[in-house]
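Chains as they are written, first to last, in our numbering: chain V, 4 to 145; chain C, 4 to 145; chain Y, 4 to 145; chain L, 4 to 145.
It is possible that part of the hints are untrue.
To be verified - Listing some non-contacts, in silico: residues in chain V with all C-beta distances to chain Y over 10 angstroms:
| hint | residue |
| --- | --- |
| 1 | Ser-17 |
| 2 | Tyr-57 |
| 3 | Glu-87 |
| 4 | Lys-94 |
| 5 | Lys-99 |
| 6 | Val-109 |
| 7 | Cys-120 |
| 8 | Leu-139 |
Said to hold, decoys possible - Partial chain C-side listing against chain V, Cβ under 7 angstroms, derived:
| hint | residue |
| --- | --- |
| 9 | His-35 |
| 10 | Ser-36 |
| 11 | Leu-39 |
| 12 | Pro-40 |
| 13 | Phe-66 |
| 14 | Val-69 |
| 15 | Arg-71 |
| 16 | Val-72 |
| 17 | Tyr-76 |
The set of hints was computed from the structure by calculation and includes no laboratory data. Virtual Cβ for every residue (Gly too), placed ideally from N, Cα, C.
Number of protein chains: 4
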Amino acid sequence: MPESQQATPPVTGSFQLRVRYVECDPMGVVHHSSYLPWMEMGRTELLREAGQNYAQLEADGVFLVVTRVEVKYRRPIKYDDLVEIRTKVEKSSKVKLHHSYEIVLVERGGETSEQVCAIATTELACVGEDGRPRALPGWLGA
Amino acid sequence: MPESQQATPPVTGSFQLRVRYVECDPMGVVHHSSYLPWMEMGRTELLREAGQNYAQLEADGVFLVVTRVEVKYRRPIKYDDLVEIRTKVEKSSKVKLHHSYEIVLVERGGETSEQVCAIATTELACVGEDGRPRALPGWLGA
Amino acid sequence: MPESQQATPPVTGSFQLRVRYVECDPMGVVHHSSYLPWMEMGRTELLREAGQNYAQLEADGVFLVVTRVEVKYRRPIKYDDLVEIRTKVEKSSKVKLHHSYEIVLVERGGETSEQVCAIATTELACVGEDGRPRALPGWLGA
Amino acid sequence: MPESQQATPPVTGSFQLRVRYVECDPMGVVHHSSYLPWMEMGRTELLREAGQNYAQLEADGVFLVVTRVEVKYRRPIKYDDLVEIRTKVEKSSKVKLHHSYEIVLVERGGETSEQVCAIATTELACVGEDGRPRALPGWLGA
Numbered sequence: 004m005p006e007s008q009q010a011t012p013p014v015t016g017s018f019q020l021r022v023r024y025v026e027c028d029p030m031g032v033v034h035h036s037s038y039l040p041w042m043e044m045g046r047t048e049l050l051r052e053a054g055q056n057y058a059q060l061e062a063d064g065v066f067l068v069v070t071r072v073e074v075k076y077r078r079p080i081k082y083d084d085l086v087e088i089r090t091k092v093e094k095s096s097k098v099k100l101h102h103s104y105e106i107v108l109v110e111r112g113g114e115t116s117e118q119v120c121a122i123a124t125t126e127l128a129c130v131g132e133d134g135r136p137r138a139l140p141g142w143l144g145a
Numbered sequence: 004m005p006e007s008q009q010a011t012p013p014v015t016g017s018f019q020l021r022v023r024y025v026e027c028d029p030m031g032v033v034h035h036s037s038y039l040p041w042m043e044m045g046r047t048e049l050l051r052e053a054g055q056n057y058a059q060l061e062a063d064g065v066f067l068v069v070t071r072v073e074v075k076y077r078r079p080i081k082y083d084d085l086v087e088i089r090t091k092v093e094k095s096s097k098v099k100l101h102h103s104y105e106i107v108l109v110e111r112g113g114e115t116s117e118q119v120c121a122i123a124t125t126e127l128a129c130v131g132e133d134g135r136p137r138a139l140p141g142w143l144g145a
Numbered sequence: 004m005p006e007s008q009q010a011t012p013p014v015t016g017s018f019q020l021r022v023r024y025v026e027c028d029p030m031g032v033v034h035h036s037s038y039l040p041w042m043e044m045g046r047t048e049l050l051r052e053a054g055q056n057y058a059q060l061e062a063d064g065v066f067l068v069v070t071r072v073e074v075k076y077r078r079p080i081k082y083d084d085l086v087e088i089r090t091k092v093e094k095s096s097k098v099k100l101h102h103s104y105e106i107v108l109v110e111r112g113g114e115t116s117e118q119v120c121a122i123a124t125t126e127l128a129c130v131g132e133d134g135r136p137r138a139l140p141g142w143l144g145a
Numbered sequence: 004m005p006e007s008q009q010a011t012p013p014v015t016g017s018f019q020l021r022v023r024y025v026e027c028d029p030m031g032v033v034h035h036s037s038y039l040p041w042m043e044m045g046r047t048e049l050l051r052e053a054g055q056n057y058a059q060l061e062a063d064g065v066f067l068v069v070t071r072v073e074v075k076y077r078r079p080i081k082y083d084d085l086v087e088i089r090t091k092v093e094k095s096s097k098v099k100l101h102h103s104y105e106i107v108l109v110e111r112g113g114e115t116s117e118q119v120c121a122i123a124t125t126e127l128a129c130v131g132e133d134g135r136p137r138a139l140p141g142w143l144g145a
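Isolated chain V (complex conformation):
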């Protein structure tokens, strides 16, 4: 059956980033709002690993809007830390995608680490160019 042969996106992926100075606040740690763009990058990279491209998706009139986000911050992250964003597709419906994330410190000041500093979940909805809900592309939704 052709459907069963269709490529499905990987359900997990990860990438690393170096913390920017501008992402930190007067407490000397990463501002809590800076984690959200990292999670967005995690979703972009997850798509890329699946051979897809979010920029192309938008060019095709498919937009993914964040409808819910929850982050639990456990340990501070600092400027110049090397951090790994681990992203997982938890479930998907015809119109919604659910991801979970681990934000892991992997290196600080030359010392390797493996500390989960934050965990998070998001819910995304698929909308068209008019902003109205539409079905996810078949390879993305369920």
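With chain V's structure known, arrange chains C, Y and L on it following the hints.
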């Protein structure tokens, strides 16, 4: 009794802001991460209405760190919209503060409105300069 | 002739803002990149004072893109400072606009001030929806 | 001669980054303020290539503050573009550092490129923990 005469911070407060161009993304709407600094401003203004000042609090060695945030996005907000941030202290313990928020569109393109575009909650913990948990100042905690 | 009586935009304007925590960095002062959105807000408010609206301008297919920016930082600005952005149209041609700015500290910790903390200039070019140069609307250009 | 054996920082360096969605604005291109953190990252990486670390520098009480920035924007950069930041130490005195930058598009939508999209210069001053000017560390200044 002096304790009963002590000023308690107001449990609700609100302020308005004009949406910045830089806060919006290629979809033409406010990026979901931009809401978090608005909520932080809501907490700052709530303290100010209580005659307190977060900058002074930090100078006194009292830091409030966000340990959890949840936002539910219902309707898009756009560049130049006038938005009201309504902030409420939901509960407080000796070491933690819980707030809730409504992000309300009050004017778009000259038309007044009263649409709740997002609702949110946060949990804050009190730490000292060493980053270790400490009790909230009496007037702030419970 | 009515056209000659048409309102011209004011060449100077100002507005005040309260510095956000997220705009500050680990040095405890406003990050140098945070000044640029303030200057953008200055231009937005200057248009508004002229009875115009940048959101409407974009809806009409007129986009103003920044082609050059220069900022000289003289004194640090801090969290919760009250700052005034003074914006001035220096000159305009058929396709370009030149502004200058003063970023002035007006209140810190309850004390009023009048310190110029930064000065800046920008050059903007007018482009259409296709990204190609086009003439500024008559009331805006020269 | 000891002087000739002393490690001098490389005068040029480069690194690549993938443009984030949050860095783009409603025009669908990178917001002009987003370039400044990239240039800051360029300086951080230049130090790292010299075996130094800006986080350590601050821990040692040496702070580099931006006193002037100028950016000339030539061509728009878009979401998901791969960009190379080329950073060069132009000159240094006892208390100031001058850098220049090229922001180069190297890949868009799978197509390689070599387009200079922006050029920039910055001036940095060295200050101590008290915010007062101090001499640059010998290996960094001239």
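Now the hints, each set against the structure:
1. For V:Ser-17, the shortest C-beta to C-beta distance to chain Y comes to about 27 angstroms, beyond the 10 angstroms cut-off, and the non-interface label holds.
2. The claim that V:Tyr-57 lies off the interface holds: its Cβ sits roughly 21 angstroms from the closest Cβ of chain Y, which is beyond the 10 angstroms cut-off.
3. The Cβ of V:Glu-87 sits about 22 angstroms from the closest Cβ of chain Y, beyond the 10 angstroms cut-off, so the non-interface label holds.
4. Every CB of chain Y is more than 10 angstroms from the CB of V:Lys-94 (nearest about 32 angstroms), matching its label as outside the interface.
5. Listed as a non-interface residue, V:Lys-99 keeps its Cβ farther than 10 angstroms from every Cβ of chain Y; the least gap is roughly 29 angstroms.
6. V:Val-109, annotated as away from the interface, keeps every beta carbon of chain Y farther than 10 angstroms; the closest lies near 21 angstroms.
7. At roughly 17 angstroms, the least C-beta separation between V:Cys-120 and chain Y is larger than 10 angstroms, which holds for a residue marked as non-interface.
8. With a closest Cβ-Cβ approach of about 29 angstroms to chain Y, V:Leu-139 is found to remain outside the 10 angstroms limit, as its non-interface label requires.
9. Using the Cβ-Cβ criterion of 7 angstroms, the hint placing C:His-35 at the interface with chain V is satisfied: the shortest such distance is roughly 4 angstroms.
10. Interface restraint check: C:Ser-36 against chain V, minimum CB-CB distance 4 angstroms, threshold 7 angstroms, status holds.
11. Proximity of C:Leu-39 to chain V holds as hinted, the smallest CB-CB distance being about 4 angstroms (cut-off 7 angstroms).
12. Hint status for C:Pro-40: holds, given a least beta-carbon distance of 6 angstroms to chain V, under 7 angstroms.
13. Evaluation of the C:Phe-66 hint against chain V yields a held restraint, the C-beta minimum of about 6 angstroms falling below 7 angstroms.
14. A least Cβ separation of about 4 angstroms between C:Val-69 and chain V falls short of the 7 angstroms threshold, and the interface hint therefore holds.
15. Residue-level restraint check for C:Arg-71 holds (minimum Cβ-Cβ distance to chain V is 5 angstroms; threshold 7 angstroms).
16. Interface restraint check for C:Val-72: the shortest CB-CB distance to chain V comes to about 5 angstroms, inside 7 angstroms, so the restraint holds.
17. Among the interface hints, the one on C:Tyr-76 holds; its C-beta lies about 5 angstroms from the nearest C-beta in chain V, closer than the 7 angstroms criterion.
Figure legend: structure checked against the earlier numbered hints; every hint is met.
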